[in-house]
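Protein chains: 2
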Amino acid sequence: MAPKGLDHELLNENVKKCQYAVRGELYLRASELQKEGKKIIFTNVGNPHALGQKPLTFPRQVVALCQAPFLLDDPNVSLLFPADAIARAKHYLSLTSGGLGAYSDSRGLPGVRKEVAEFIERRDGYPSDPELIFLTDGASKGVMQILNTIIRGEWDGILVPVPQYPLYSAAISLLGGSLVPYYLEETANWGLDINNLRQSVALARSEGITVRAMVIINPGNPTGQCLSEANLREILNFCFQENLVLLGDEVYQQNIYQDERPFISSKKVLMDMGLPLSKEIQIVSFHTVSKGYWGECGQRGGYFEMTNIPLKTVDEIYKVASISLSPNVPAQIFMGLMVNPPKPGDISYQQFVRESEGIIESLRKRARIMTDGFNSCRNVVCNFTEGAMYSFPQIRLPPKAVEVARKAGKVPDVFYCLRLLEATGISTVPGSGFGQKDGVFHLRTTILPAEEDMPAIMASFKKFNDEFMEQYEDHRGYSRM
Amino acid sequence: MAPKGLDHELLNENVKKCQYAVRGELYLRASELQKEGKKIIFTNVGNPHALGQKPLTFPRQVVALCQAPFLLDDPNVSLLFPADAIARAKHYLSLTSGGLGAYSDSRGLPGVRKEVAEFIERRDGYPSDPELIFLTDGASKGVMQILNTIIRGEWDGILVPVPQYPLYSAAISLLGGSLVPYYLEETANWGLDINNLRQSVALARSEGITVRAMVIINPGNPTGQCLSEANLREILNFCFQENLVLLGDEVYQQNIYQDERPFISSKKVLMDMGLPLSKEIQIVSFHTVSKGYWGECGQRGGYFEMTNIPLKTVDEIYKVASISLSPNVPAQIFMGLMVNPPKPGDISYQQFVRESEGIIESLRKRARIMTDGFNSCRNVVCNFTEGAMYSFPQIRLPPKAVEVARKAGKVPDVFYCLRLLEATGISTVPGSGFGQKDGVFHLRTTILPAEEDMPAIMASFKKFNDEFMEQYEDHRGYSRM
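Quick mapping for you: the protein sequence lines, in order, are chains A and B. Heads up, the first sequence is in the UniProt record's numbering, so the first residue is 1 and it goes up one at a time. Heads up, the second sequence is in the UniProt record's numbering, so the first residue is 1 and it goes up one at a time.
Derived by calculation from the structure, the hints in this document are not laboratory data. Hints are supplied without guarantee of correctness; some may be wrong.
Chain copies aren't distinguished; within one or between two, either way the pair holds.
Said to hold, decoys possible - Below, simulated DSSO-like cross-link-like pairs (lysine-lysine); rule was C-alpha separation at most 30 angstroms, straight line:
#1 Lys54 / Lys462
#2 Lys54 / Lys90
#3 Lys319 / Lys16
#4 Lys319 / Lys365
#5 Lys279 / Lys462
#6 Lys17 / Lys54
#7 Lys114 / Lys38
#8 Lys279 / Lys17
#9 Lys312 / Lys16
#10 Lys16 / Lys463
#11 Lys463 / Lys343
#12 Lys90 / Lys17
#13 Lys437 / Lys17
#14 Lys462 / Lys410
#15 Lys462 / Lys17
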């Protein structure tokens with residue numbers, strides 16, 4: 001009988017070939033084990049609330065009131081909600097036409113986009129235009145939309161860091177483009193060497209690929225580094241020379257754990273470079289409510305800001321956004337609250353500062369506990385997490401382990417991570433899901449388990465790892481590299 | 001200078017060529033006029049809350065509590081929330097791991113998918129498997145995901161009704177496939193003639209196109225008809241003969257205004273047909289929280305159910321969904337509430353019934369007022385809205401009006417709708433945005449303006465239309481058809 005429309009053999013090949021390791025084999029196995037009753041520590045995805053991080057109180061109060069606007073007329077409302085949350089809910093409702101149940105403009109509510117522009121102006125010290133800011137259902141949706149606008153076919157290439165967050169490889173596969181990798185230098189704390197970039201572009205060109213855009217993830221995912229101002233300037237100059245759009249994944253800009261390495265936006269660096277470049281280089285930068293001390297992943301809120309993008313292109317992006325009618329409105333309110341948090345003097349200010357600083361301080365400590373923990377393990381080395389939410393240790397697998405893995409039909413780091421999962425319940429993502437140099441192995445874990453659980457988790461990891469290494473090391477000849 | 005990556009000339013041609021009239025030229029002009037201070041009646045999009053429909057109280061109470069779970073520990077909570085809303089909020093929070101701020105599984109919360117399956121079982125009288133139900137950010141996202149799974153290139157065709165909701169034409173363009181139109185019969189109350197389908201498929205085949213799926217919109221958008229059981233059986237037989245996946249856009253299944261024409265799901269009709277067909281024909285059906293008496297458009301919640309789709313394909317769809325991590329969680333709760341509303345005996349039951357019946361009753365009246373209003377206008381004929389939220393009158397434009405429009409560089413119905421907008425503030429969508437037979441013109445309007453405003457709106461329409469016809473009719477020879 002002829003195959004039917006949704007039989008596997010007839011599907012879009014781009015759908016079949018794309019891969020997304022963050023919810024790949026390891027996650028699926030972890031979900032199975034959880035169903036069987038095993039306690040799983042899900043560190044595969046940056047999902048803070050799932051690991052016990054409490055939501056910030058003030059924004060949740062505001063959004064709850066926006067969902068139930070009839071409470072604003074209830075004489076008892078002030079027993080449950082502070083006056084500034086009530087005022088803020090009224091403010092956001094006044095920006096909608098019909099509350100949270102009405103589609104907004106497909107770019108998002110104009111009033112929230114204005115608040116985003118004001119936030120960017122305060123952050124960078126340069127003007128930002130709300131007409132060039134689109135709200136999205138999480139940053140990922142924005143990234144996919146922009147890549148879809150750029151990619152025409154397999155001869156269009158996108159420069160992507162390796163290791164990378166696999167949204168990029170997956171989206172490029174799905175859209176039928178080509179991923180052009182550039183390697184980050186692990187020995188230079190995952191820094192970006194412009195010579196590597198040049199080589200990557202030259203190689204791609206020799207294969208007939210037109211490189212059209214470059215992705216940076218800053219702070220890095222999975223690598224945790226913060227790009228320096230000098231490095232960002234080099235990158236922008238490179239984009240100018242090579243005629244590339246810079247796609248700045250800046251979703252971890254609030255997740256900074258080292259004072260001497262602050263976050264600097266690509267747009268600010270570009271504006272600091274002045275004319276003519278500041279009017280020439282095209283940037284799209286992405287942000288989200290899912291990260292930072294917010295961690296409101298489940299709400300799916302994000303934005304992108306376009307710099308030096310022609311209006312005709314902005315109109316095309318608007319048109320495509322309009323096919324999905326509008327990003328979800330509650331998350332637009334979260335975005336407004338994120339870029340316009342309580343101010344000194346507001347009733348909720350102290351609480352907001354206490355909660356948000358508490359989260360960042362704790363993440364900073366956890367980054368340290370985790371890095372130190374990994375570095376205390378046999379055959380494991382790990383750069384410090386300067387930013388973002390991940391630790392990306394290198395696991396120096398003994399040749400015997402590599403051999404056993406290959407015989408079992410597994411990529412060696414997948415083999416290691418599966419063994420780790422079965423032994424300890426720790427659900428990580430193998431480095432091969434992000435890309436890594438040949439013969440080098442990693443895993444990615446979030447730094448999100450609760451601070452008080454962290455020592456036990458790291459002890460459990462160390463016990464597993466050191467026994468694993470003991471089992472597979474060739475004591476006759478193999479030595480630590 | 002060489003064009004840059006996001007310059008218009010270098011963009012993905014599929015992005016440039018797709019069209020979405022619901023937010024096209026008319027909407028953009030209406031937005032401009034609104035900015036200039038003109039009062040606009042936005043009937044271009046089915047967005048009930050934007051036109052004053054109040055949200056249902058109980059679901060909003062539950063979601064507000066889920067957003068602010070700390071209220072559940074507040075001794076005053078029962079002053080603002082009824083006990084069943086509190087209990088239901090606790091229930092939904094227990095289905096998440098980490099509340100609304102945590103990503104769910106990429107298919108949606110298992111507990112909500114189970115509630116959806118139970119709803120489908122009650123509706124159709126046949127089993128439904130939660131593993132084959134995926135929650136989505138609105139139905140549109142689900143439609144796009146399934147079309148993306150099917151379409152491999154321009155030689156893959158999708159049968160789409162004409163007139164159609166332009167999500168389909170836009171998504172097919174964007175994905176690089178081919179739209180294969182089949183015409184609905186206006187004179188048969190927008191019924192579907194299987195002979196038309198056969199002709200469409202034959203014509204497409206002669207052009208080298210492989211027709212792979214067929215879209216039905218039931219109840220119809222923009223056409224408002226409800227497909228009969230007999231018609232659905234014919235359609236399913238046709239899909240079997242032609243080896244097509246049936247994509248059932250059933251988002252208006254609660255919007256039914258004529259008792260003798262109830263909604264029947266395509267899945268129920270298939271199951272009623274029994275073996276072997278009930279195990280053979282592939283169906284994906286779509287639903288949403290945006291329509292019905294809910295109208296929670298801004299929340300962006302939907303689901304699709306897959307019938308007879310192989311597990312390997314389901315896994316591919318799951319993988320692609322996982323790239324976007326998860327549909328927004330608050331709207332998943334709305335979906336749970338929609339499929340599992342208050343029951344007799346619950347504290348909120350009476351209020352829920354009063355509110356929801358009030359909305360449907362009023363829509364039923366408005367459908368009648370609008371149809372009658374259009375039919376009272378010169379050169380306008382309009383089928384009754386049996387279901388959905390739209391009226392789709394045919395506007396019989398005098399040849400002189402067609403000529404003037406063409407000289408002004410406008411499609412004639414666009415010309416008419418723009419004139420209507422400028423004269424009355426009524427923002428509609430021209431029939432050409434949905435597709436129509438050559439030389440025949442329509443407009444789509446929602447039936448959503450408040451019941452009390454409806455007579456004035458229809459009077460304003462009639463005044464404009466009859467003056468327009470007076471202006472352009474050739475009194476020497478032209479007569480009403």
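Taking the hints in turn, this is what the structure says about them:
1. For the homomeric pair Lys54 and Lys462, the shortest alpha-carbon distance inside one copy (28 angstroms) is at most 30 angstroms, but the shortest distance between copies (57 angstroms) is not.
2. In this assembly of identical chains, the alpha carbons of Lys54 and Lys90 lie at most 30 angstroms apart whether taken from the same copy (25 angstroms) or from different copies (16 angstroms).
3. For the homomeric pair Lys319 and Lys16, the shortest alpha-carbon distances inside one copy (28 angstroms) and between copies (9 angstroms) are both at most 30 angstroms.
4. For the homomeric pair Lys319 and Lys365, neither the shortest alpha-carbon distance inside one copy (45 angstroms) nor that between copies (34 angstroms) is at most 30 angstroms.
5. Proximity of Lys279 and Lys462 under a CA criterion of 30 angstroms is satisfied in neither setting, with 51 angstroms inside one chain copy and 52 angstroms between copies.
6. Within a single copy, Lys17 and Lys54 get their C-alpha atoms no closer than 37 angstroms, and across copies no closer than 45 angstroms, so neither meets the 30 angstroms cut-off.
7. In the homo-oligomer, the alpha carbons of Lys114 and Lys38 lie at most 30 angstroms apart only across protomers (23 angstroms), although the nearest pairing inside one protomer, at 47 angstroms, exceeds that limit.
8. In the homo-oligomer, the alpha carbons of Lys279 and Lys17 lie at most 30 angstroms apart only across protomers (28 angstroms), although the nearest pairing inside one protomer, at 38 angstroms, exceeds that limit.
9. Proximity of Lys312 to Lys16 under the C-alpha cut-off of 30 angstroms is restricted to the inter-copy arrangement: shortest distance 10 angstroms between copies versus 33 angstroms within a copy.
10. In this assembly of identical chains, Lys16 and Lys463 lie within 30 angstroms of each other by CA distance neither inside one copy nor across copies; the values are 38 angstroms within and 56 angstroms between.
11. Proximity of Lys463 and Lys343 under a CA criterion of 30 angstroms is satisfied in neither setting, with 47 angstroms inside one chain copy and 53 angstroms between copies.
12. When the C-alpha separation of Lys90 and Lys17 is checked against a cutoff of 30 angstroms, the pair qualifies neither within a copy, at 47 angstroms, nor between copies, at 40 angstroms.
13. Taking CA atoms no more than 30 angstroms apart as the test, Lys437 paired with Lys17 passes inside one copy only; the shortest distance there is 21 angstroms, against 40 angstroms between copies.
14. In this homomeric assembly, Lys462 and Lys410 come within 30 angstroms of each other (Cα to Cα) only inside a single copy, at 22 angstroms, whereas the closest approach across copies is 72 angstroms.
15. In this homomeric assembly, Lys462 and Lys17 never come within 30 angstroms of each other (Cα to Cα): the closest approach is 35 angstroms inside a single copy and 56 angstroms across copies.
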